[in-house]
Amino acid sequence: MDFLTNLGQGFGVALTPWNLIFCAIGSVIGTAIGVLPGLGPPATVALLLPITYKMDPASAIIMLAGIFYGAMYGGSTTSILLNIPGEAASVVTCLDGYQMARQGRAGAALGISAMGSFIAGTVSVFGMSLVAPSLASFALKFGPPEYFSLVLLGLLMAVYLSEESVVKGLAMAGLGLLLGTVGIDPVLGATRFTFGISRLLDGFDFVVVAMGLFGISEVLINLEAPEIRDVFKTTFKGLLPTLEDWRRCWGSVVRGSLLGFFIGVLPGGGAIISSFISYAVEKRVSKHPEQFGKGAIEGVAGPEAANNAASTSSFIPLLTLGIPGNATIAMIFVALMIHGIRPGPLLLQEYPQLFWGVLCSMYIGNIMLLALNLPLIGMWVRLLTVPYHYLAVVVVIICVIGAYSVKSATFDVGAMVVFGVVGYLMRKGGFPAAPLILAMILGPMLERSLQQSLISSAGSPMIFIEKPISALLLAVAAFLMLTPVLKKMWRKRRQAG
Amino acid sequence: MKNRSDIIGSIFLFLLGIGAIIGAVQLKIGLPTEPQPGFFPFVGGIILLIFSTIIFLQGWLGTSKQQIAFGEIGRPALLLGVMILLVFVMDRLGYVMATFIASGLILRVLSVKSWRVLIITSLCLSIGTYILFDRLLGVDLPVGLLSHFGL
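Residue numbers (numbering that gives the first Met the number 0), protein chains in the order written: chain A, 0 to 496; chain B, 0 to 150.
So that you can see chain A by itself, here it is in the shape it has in the complex:
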């Protein structure tokens, strides 16, 4: 009964005219950036943060969430029509989606991708409404030691499950922890690494760092390559998949939805990893694995469902535990903090309207996206013909406004440019930016819970092992750290044997 009351409250918030408009704006912007290669959801959410400053918190998060899951819908369009993934999560869609387009079945590929995404998004929203309240009430039992272990595990998982090198990810997490210490110490009040610059007393602002690392660096990378976009010319003969298509891929959509939901809940296990795993699973369970890579519709349906389900369920650790699991969710974490709302287990009690409102808006957003994506495919394709330099100027200007608006200071604009160069060099060297920003956000939380734990235990680090939940979380973290070493040892032993 409570569940229905909560959903009723949520729909009451999500269905207000302004929230419907913000949901539509977020979904459309998300689809557009998903379509356009070279501007990802973290950068877009960071770019649009200044717009949300004066908005109602629920409306702001509804719009930003729409960008995230909208991008997953849009990403498939470029994968299918251009063989260029608009989003990293749509990389595997290229394999069979583009082949389908070449065989004159672009419409069916786009259709199944949109409908699969809709079903997955809906499943994920339903799962979220069931799981999140229980998880939040469980997390209320957490004290500083459990939080320390949870944040540590979350950070390690985000690094471990990212698609880049684990060692480089851990180095970036170390750098992020250091950047998070700049300014006044949250516990003892000492000034750290400000080098006499008064503007650094509050530390580096997440918005400034994120805009540099994700926004400016992305523009710099894209400007290196020549602007050639060859849209595959095909006719969209019917966007609705045939009955035979549905017979072949309904199982893929269901498996992708469930897989995506559970992977999305894990920190770091967002849309990208779930789409890859889904593709591997579909190929394995298929009666015709030889058709994969040659236009198998299951190879489009499964991964597209998985990435959408994961993007929705990745809100669970943020809204219930206060742990952002990936870079886009980290930006939404920042947006909540800007509005004076601390994400975590208390959010559901203190701001039930926001929680249930955002959740229900995702359901509405999924319906909007289904309605938008299929009839507007022609428009999304035309969007790809807009020269990149116009987009580049817009991104740069919005980044400048965003950085300046933080404290009305050009110092922050300068800092953003510096982080843009750092982000550019990091991408060139294969150093992932997501662990850096996550560690920067989680670092002060980690430090505070560490110090509070040690104070409460009179300095004994055993407190982290004596508490069962904390001990379990640390054991998982240790296992994660040791897995690459154990894997190597096992491989060597197998080769020797």
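Keep in mind the hints are simulated off the structure, nothing from the lab. The structure displayed is predicted, hence computed values, not measured ones. All the pointers check out, no bait thrown in.
Here are the simulated DSSO-like pairs of lysine-lysine, each with C-alpha atoms no more than 30 Å apart in a straight line:
(1) Lys1(B) with Lys491(A)
(2) Lys1(B) with Lys427(A)
(3) Lys486(A) with Lys1(B)
(4) Lys406(A) with Lys53(A)
(5) Lys427(A) with Lys487(A)
(6) Lys487(A) with Lys1(B)
Following the hints, put chain B in place on chain A, whose structure we already have.
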């Protein structure tokens, strides 16, 4: 084959780690049982030292992935130059004028040949974003020279 970008990157991170550790010691580290302000930066510094050393070794032994080559760096470099210029002139010239000049320069650099397109696009961008963000959304953007005109 040695991976130059990993070697250079790891040396930079290693030096940063050393710097963090020196700074942390100056702040006082304390003990794990009673941490002082330098404790956490010290841990961050140690993490950087450990992993930068591993990255260095991987790069030196050639076991890491091949480095990514730089493409045409002229356009990114010019964009950066314009952005640095924008940082220095924005307060003095004001947002509208500074972004008008900056977007004009960026578009010119990024191969927009027609002056008419360039001027119209730059004007629309600078004035349009000023109206949207400053006037409608309440973001306080610098007025600069335009303050003489009562704006």
